[in-house]
Every structure is written in C-alpha cells, then in structure tokens.
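Chemist: Sequence:
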Amino acid sequence: VWPDELMGPISPQDKRFPLPGNIGVSQSQANQEQPRFVLVTGMPIITMQDATIYLQYLDESSEMSSDGENITDSIIRKYLENATVELAIQPCPKVLYKEFRSIFLEMPKQEISVLTITQKTEHEMSMWSQEVEEEREKLLKNFITTATEICHLLRANNFWCDFIDPSSGQAYFGPYTNSTMFETDDRYNSLGFRIDDLGCCKVIAHKRWGSHSFVGSVVTTASIHHDVMTNLLKH
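Per the working numbering, the sequence shown starts with residue 1, numbered consecutively.
Derived by calculation from the structure, the hints in this document are not laboratory data.
Remember, it's a predicted structure, so these values are computed and weren't measured experimentally.
Any given hint could turn out to be false.
As the list claims (entries may be wrong) - Listed below are the simulated BS3-like cross-link pairs for lysine-lysine, each with C-alpha atoms no more than 25 Å apart in a straight line:
# : residue 1 : residue 2
1 : K202      : K98
2 : K94       : K138
3 : K141      : K234
4 : K141      : K207
5 : K202      : K109
6 : K98       : K141
Said to hold, decoys possible - Derived Cβ-Cβ restraints for the label pairs, each shown as a range:
#  : residue 1 : residue 2 : range
7  : A156      : T177      : 33 to 41 Å
8  : E124      : P175      : 18 to 26 Å
9  : E131      : Y176      : 16 to 24 Å
10 : V132      : R194      : 30 to 38 Å
11 : D185      : W128      : 13 to 21 Å
12 : P175      : V228      : 37 to 45 Å
13 : Y97       : P175      : 15 to 23 Å
14 : T230      : S129      : 38 to 46 Å
15 : V132      : K109      : 20 to 28 Å
16 : R155      : R101      : 15 to 23 Å
17 : T148      : S179      : 19 to 27 Å
18 : M127      : G174      : 26 to 34 Å
19 : K138      : Y176      : 22 to 30 Å
Quick reminder that beta carbons are idealized off the backbone N, C-alpha and C, glycines included.
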C-alpha cells in the first residue's frame, strides 16, 4: 500500500480536473538530449481524495512562457503553485553512471534511469530545529515506503531496481559499500537540483521549492519510455 497522504503515482484521480485521464501535457515540448518526465501532485484542498495529478514535459533550460499560453498550460501552471510532491524520471547522466556502480554493486552493466522523488517541506531544511528533524523523519518514512513499492513494481516486471537510503547514503537493498551519496552531495547537480554551500553546511535546492525540499533517488534498468515507467506518471 502506498502512503495515501503524500505520494502521487497511484493516488486517486480528481474527477474535477478538466483534462482526460487527469493528465495535462504542456504543448511546449523541447527537443532534449536528456528528456525528463515529471509528475507533480498537490493537496490544494484537504485530503489526497481531492488531489490534482498531472504530467508535464519540462524544458530544462527555461520556464514555460506566459505569452500565448493555452488553457492546458494555464491549468498546469495554476496547480504547480499548490504541488507538494514531484516525481521526475530521466536517463542517468553519464557523469553519474560510474558513481552509481560504486554504490549499487549489483547494478547490471547497461543503461539505467533515475527517478527522483522530491517532497515539498513545510520547514526550511537549511536550519536545524526539533520541528525540522521531526518533519525529516516523516518524509524519510514516506520516501522509503514509496521507493520500496516502486522497486517491487519494477522487479515484478523483470527490471533491476534499488534506491539510495537518504539516512545512510547507501543502497537500500544492495550489499554494503563505503561509497555513499547523500542529498547534499554535489552530484545531485547532475539530476536537476542545486547544491548550496552555506559555509557551515550544504543544502539541496529544488528549482521551484528551493531548500524547502526532501529528495530521494531510485535507480533502475527500466527505460524512461517503458510502459511500466510511464504508468507511474499516469496513475
């Protein structure tokens, strides 16, 4: 069972959303060497029963233009403001392939895809407090539950899959290794995030939510175009 309160890939569809299948697709699809498919889910009303789910093809080099924006784009922009969870799927950047092989010792020698799950946080993650610590524990539990279910789904379809445990920086299912990758690692720059060095510490920043973010990564041999991957975004 997926965590009903936050995660989006299999949460109930909002029948009030005016687009077929509760999915909105941006018309400004740019040709990219590294396509990145993103699902964002929000809780603008009260519960996940009222949540809005939609799919957007992002142009990594620029924001959507408001000039000539059609109805679909306007709807997507409106709900982006209330989003709380983002699931992004992209091919593994070449600079990270060897890094992942050192973390995931059982990873097959073939092309892989990376799924990043970003949860928007209530508190600023660059500062420590008891409230921040409690929220991080809650979001960590949400991520591990969701990432585990994603791995079970992909393995059931004969794909290798594992994820990085944010609390240890190591493979969750795979054997122990000294190699780690925490969410404040500079290597996350290659996955579309920004790592800010504050002097006393580093913090990961999401392009829309800044340091109000909790990020986790899943790695798999499934292609970003495979049905099992696209279905994660459509459910």
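Chemist: For the range 30 to 38 Å, tell me whether the beta carbons of V132 and R194 fit it or not.
Modeler: violated (20 Å)
Chemist: Could you tell me whether the CB distance from E124 to P175 stays inside 18 to 26 Å?
Modeler: The hinted range 18 to 26 Å is violated for E124 and P175, with Cβ atoms some 36 Å apart.
Chemist: Would you mind confirming whether the straight-line C-alpha gap from K202 to K109 stays at or under 25 Å?
Modeler: With Cα atoms ~32 Å apart, K202 and K109 exceed 25 Å; violated.
Chemist: Check whether the Cα positions of K98 and K141 lie no farther apart than 25 Å.
Modeler: violated (28 Å)
Chemist: Starting from K202, check that the Cα of K98 is at most 25 Å away, please.
Modeler: holds (23 Å)
Chemist: CA of K141 to CA of K234, is that 25 Å or under?
Modeler: Holds - the C-alpha atoms of K234 and K141 are around 24 Å apart, at most 25 Å.
Chemist: Between D185 and W128, does the C-beta distance stay in 13 to 21 Å?
Modeler: For W128 against D185, whose Cβ atoms are near 19 Å apart, the range 13 to 21 Å holds.
Chemist: Quick check: does the Cβ-Cβ distance between Y97 and P175 fall within 15 to 23 Å?
Modeler: Since the Cβ atoms of Y97 and P175 sit about 19 Å apart, the hinted range of 15 to 23 Å holds.
Chemist: Indicate whether the distance between the beta carbons of A156 and T177 respects the range 33 to 41 Å.
Modeler: The hinted range 33 to 41 Å is violated for A156 and T177, with Cβ atoms some 26 Å apart.
Chemist: Does the hinted range 37 to 45 Å hold for P175 and V228 at CB?
Modeler: Given a distance of about 25 Å, which is not inside 37 to 45 Å, the answer is violated.
Chemist: Is it true that the C-beta distance of M127 to G174 lies inside 26 to 34 Å, as the hint says?
Modeler: holds (33 Å)
Chemist: CA of K94 to CA of K138, is that 25 Å or under?
Modeler: violated (32 Å)
In summary, the numbered hints that this structure violates are 2, 5, 6, 7, 8, 9, 10, 12 and 15.
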